[in-house]
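**Q** What follows is each chain in one-letter form.
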Amino acid sequence: MRDDRLVLAFVGMHPDRRAGLVGTYGSAGAVVAAIRRGRVELPAEARAAASVDADARKAQLAEAGITTLALGDPDYPAHLGRLPGAPDVLFVKGVVPVVPGVAIVGTRRATAYGRSLARRMGGAVSEFWPVVSGLARGIDGEAHQGTLAAGGRGVAVLGCGIDRWYPAEHRPLGVRLIETGGAVISEYPPGVRPMGWRFPPRNRIISGLSAVVVVVEAAVPGGAMITARHALDHGLQVFAVPGDIDRATSVGCNELIRDGAWPVLGVEDLVEAVGFTLGESQKRRSPIDDPVLAGLGEAGSTVDDLISRLGWSPADVLSHIGALELEGKVIRDQGRVVPR
Amino acid sequence: MYASVSSVALFGVDPQPVSVEVFVGGGARASFTIVGLPDTAVREARDRVAAAIRSSGFRFPGGRVTVNLAPADVPKAGSAYDLPIALGVLAAARLVKGTTTDVVALGELALDGAVRAVRGGLAAGLVAERTERRCVLDPHGAGEALLVDGADVRAVRSLSEAVAVVELDAPGVAAEACAEDSVPELDLADVRGHAEARRALEVAAAGHHHLLMWGPPGSGKTMLARSLAGVMQQLSSAESLEVAQIWAAAGRSRMNQASRPFRAPHHTATPAALVGGGSGMPVPGEVSLAHRGVLFLDELGEFPPHLLDTLRQPVEDGYVTIARKGVSVRFPASFQLVAATNPCPCGYASDSKIACRCSPGAVQKYRRRLSGPLVDRFDVRLAVPRPQRSQIMGPPSEPSAAVSARVAAAHTFQRSQGRVPGALGRRQLDQLVWSASALGLLDESIDRLHLSARGFDRVRRVARTIADLAASPVVEGDHVAEALSFRGSL
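Those sequence lines, one after another, are chains U and X. In terms of the working numbering, the first sequence has 339 at position 303, counting the first letter as 1, and numbering is strictly consecutive. In terms of the working numbering, the second sequence has 231 at position 215, counting the first letter as 1, and numbering is strictly consecutive.
Reference excerpt, derived from the structure (chain X facing chain U, CB under 8 Å, subset only):
{"#": "1", "residue": "GLY231"}
{"#": "2", "residue": "LEU457"}
{"#": "3", "residue": "SER461"}
{"#": "4", "residue": "ARG464"}
Derived from the structure by calculation, the hints contain no laboratory data. From the three backbone atoms N, C-alpha and C, an ideal C-beta is built for every residue, glycine too.
All chains should be built: construct the whole structure from the sequences, respecting the hints.
**A** This is the structure in structure tokens:
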């Protein structure tokens with residue numbers, strides 16, 4: 037039974053089509069048999085995948101260090117399993133957290149503002165809860181980076197096989213997520229190439245692994261909006277970062293806020309609000325007494341702004357920033373000084 | 017019968033004295049020969065000189081006329097020797113009274129005897145002043161020669177007027193004033209906001225650090241670069257003359273001015289235009305025109321790599337060498353390099369309000385072009401954000417003169433400490449005196465900020481300059497901390 041599901045998962049079909057076929061033929065085993073008899077129209081590659089038996093697949097997975105979680109397994113994430121259309125089999129590298137996490141998602145074409153905010157949120161949130169995102173460029177990648185920098189746990193859900201790192205430059209990021217107690221997962225079998233149609237379904241997994249979804253910057257249409265809609269369907273709390281109404285990267289967030297998402301007013305505010313939603317106890321941070329740190333604000337500030345706000349000499353502000361950077365309290369990001 | 021006239025060859029920047037020797041007489045058949053490595057234009061001088069002499073009312077001597085341009089191994093080009101040859105012929109044939117040996121002459125002759133302007137007026141002035149001779153030139157060249165203090169310059173419009181100088185020691189006509197050939201400077205008072213970048217300019221000027229800025233279009237990078245020349249100390253008169261000489265070699269005039277040159281070659285410039293060369297006599301390029309001033313490379317990411325590679329010699333050595341058939345010329349090219357670039361092809365990768373439209377591949381490709389050995393030379397690097405409304409509307413900023421005064425004080429301090437402003441090598445850096453807190457920060461920075469050996473040197477160099485601005489013989493922790501904030505990376 038479980039073996040048939042594993043073989044079927046390796047065919048790599050769109051999840052909706054797989055669910056439809058299982059409904060028609062009655063079981064995963066029957067679908068596999070139908071594919072082998074040539075009854076299901078599929079690319080040659082996918083049909084060939086169905087002819088490999090479960091034992092060979094298990095050996096292949098063991099060799100690649102990949103584990104699987106099948107729907108109904110005791111360690112399958114319970115909150116994900118409760119959803120209609122939950123993935124039948126998940127391919128996993130690393131350890132999927134048992135507790136629901138916080139999804140931080142957004143557009144790949146983010147502004148420097150959005151990126152630095154995503155990074156800070158990834159860090160702040162991961163002090164309490166696992167951070168779930170999609171390893172994409174832009175907001176996703178920054179949220180993962182923030183998580184790693186803060187020493188938190190993170191889960192990346194891919195839209196391709198977990199051995200086909202996409203985007204390739206985020207491979208080190210994914211590897212570190214695995215090394216630091218998190219996981220990289222996908223419902224697509226190893227070897228599956230990234231294709232446009234594979235990505236929207238993975239967004240339901242991001243939402244399904246989370247108790248809260250935070251949208252940092254999102255264009256319309258976009259993957260982040262799909263994740264947010266899934267989250268609303270799943271009855272999760274959605275947070276969105278408000279932005280200028282004429283900025284393409286804020287249109288999605290503002291739309292979500294209009295439709296009932298909670299606006300994020302700051303990183304601390306977010307952590308507090310998520311804590312309220314999830315009912316976790318709060319670790320309070322020490323109050324900020326450094327004037328430069330206090331002047332930075334949530335998403336950081338340019339040096340020029342700091343100089344005019346503090347009224348100090350440029351040399352004093354710059355040397356203060358240099359010292360803070362050395363202490364690891366701020367980072368320099370494209371002309372901005374951003375608190376960590 | 018023999019006569020000689022002095023003239024000057026323009027080969028490289030230093031003027032080379034040339035002696036025009038003429039011998040008239042012997043042989044029944046009339047002939048006119050020029051020897052001494054002359055190029056075609058010089059050989060054509062025969063016809064122009066003969067016509068000009070006759071048009072000016074003199075007789076062209078019969079018999080053999082032999083002209084030798086000495087020394088033979090100095091390349092001579094162009095039509096500038098017409099005037100000395102004509103004067104020499106007339107003197108050798110005893111058609112004019114007086115001696116021509118104390119004359120430095122330079123000029124092309126028209127067939128009617130008029131003197132036309134040629135390059136090299138400044139060089140002629142220098143030779144005349146050094147050898148205490150009279151300098152006979154067209155009015156335009158005379159304007160250039162007058163830049164040389166103590167030169168005895170006689171402007172002439174025709175061969176007859178030149179003869180009058182030789183025979184009667186005539187004062188000549190009025191010289192033309194030199195036309196200005198450079199961009200007016202921008203004052204820092206006109207640059208609003210940009211407090212961080214202004215400080216970076218001050219540090220760069222005080223330590224002769226090359227400066228790299230990046231930021232979205234319209235953030236003011238070009239404006240800042242243009243104001244750097246005004247922040248640097250003014251040129252001394254010796255430096256000014258040196259600069260004028262280079263400019264003259266390139267056929268351009270530059271007044272005897274104390275302001276620093278500012279050159280901004282376009283990224284489509286040819287290697288010859290950038291570092292010098294060209295066909296025939298090598299001409300100094302932009303790097304030499306920027307000598308003792310600022311060379312500004314706008315849109316650094318657009319400069320093709322082979323063009324940037326040609327900048328390595330001048331940046332490292334302070335001069336360029338151009339080799340030509342057996343000889344090589346060295347042009348001074350010691351400039352302060354300022355480069356500006358967008359962070360990506362569309363320019364908005366670093367902007368906080370506008371999203372970047374470039375594909376990640378395109379951004380990577382663009383940034384790869386911005387790496388490499390040349391970029392390693394930029395000690396001071398910073399992102400320049402678009403100024404906010406409040407800063408644009410703010411009060412006028414400090415003028416260049418105030419910043420320049422602090423830079424001058426820092427230079428004086430450096431000299432009092434036995435250092436010259438400019439790049440400190442690793443050995444010199446190791447000998448600097450650091451406070452305990454500075455050493456602590458440096459130590460920590462290697463581990464925590466993953467500084468490379470070169471990056472570490474850059475921080476130390478900039479920290480030393482910041483200490484110089486504070487007139488502190490010891491580099492303190494604050495100076496190191498500030499230097500750390502000027503090591504931004506794209």
